[in-house]
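Put together the whole structure using the sequences plus the hints.
Below are the chains, spelled out letter by letter.
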Amino acid sequence: GDSVTQMEGPVTLSEEAFLTINCTYTATGYPSLFWYVQYPGEGLQLLLKATKADDKGSNKGFEATYRKETTSFHLEKGSVQVSDSAVYFCALRGVTSYDKVIFGPGTSLSVIP
Amino acid sequence: ETGVTQSPTHLIKTRGQQVTLRCSSQSGHNTVSWYQQALGQGPQFIFQYYREEENGRGNFPPRFSGLQFPNYSSELNVNALELDDSALYLCASSLARKGNTEAFFGQGTRLTVV
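Line order of the protein sequences matches chains A and B. Here the first sequence is numbered in the working numbering, starting from 4 and rising by one per residue. Here the second sequence is numbered in the working numbering, starting from 680 and rising by one per residue.
It is possible that some hints are incorrect.
Said to hold, decoys possible - Keeping only pairs whose Cα atoms sit at most 16 Å apart, straight-line, the calculated EDC-like set for lysine to aspartate or glutamate is:
1) B:Lys692 <-> B:Asp763
2) A:Lys80 <-> A:Glu19
3) A:Lys55 <-> A:Glu72
4) A:Lys52 <-> B:Glu781
5) A:Lys55 <-> A:Glu66
6) A:Lys55 <-> B:Glu781
Hint data in this document are derived by calculation from the structure and do not stem from the laboratory.
Okay, structure coming up:
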């Protein structure tokens, strides 16, 4: 079945450092890909998305490119801030008849001043 | 336009009891999905409702059941609670249509089973 794998955390970075969180997926056809963010004690917020190969999703300085050839959707940010500290989930929605979203295990990011 | 709202925010139940969680979908959305997020893990799909019928289910036993009402709000019911049911329960709403739709999540209900 469809699945998502992402790098294990926790990840600790200094403010203004470069961030990469790796994500790879297994799915039939062409799924839609997402990054969600969860701040402490809160629900999920959609950070960015890409719906077809070579699409680049971007938001709040974060970017991720849908790579069909490597089945990857890595999250990047050039300069992280303390306020980016959160748990990041890579996710996909497959081509089934309903809107089921499959999540990776999450990567916890802590940014220190 | 209101977002997805869930109630209650926190809940403590005893093993063996039953619980009902509620979700109001975002205005204009007709599809509701429920997810269970255990501590330190990613959310797991429980089931989805569209036009008041279940149209997709994850790997959860029948004691997890749900309802969707004509106004598209939804309930998640869990019978015979077990300790492992302790988790954050998330509701997501979307508009089912051809092409890609985006799911919007509520803040969740934190259920603790003791």
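Comparing the hints with the structure gives:
no., hint, in the structure
1, B:Lys692 <-> B:Asp763, "12 Å, holds"
2, A:Lys80 <-> A:Glu19, "9 Å, holds"
3, A:Lys55 <-> A:Glu72, "12 Å, holds"
4, A:Lys52 <-> B:Glu781, "9 Å, holds"
5, A:Lys55 <-> A:Glu66, "15 Å, holds"
6, A:Lys55 <-> B:Glu781, "14 Å, holds"
In summary, the structure agrees with every hint in the numbered list given earlier.
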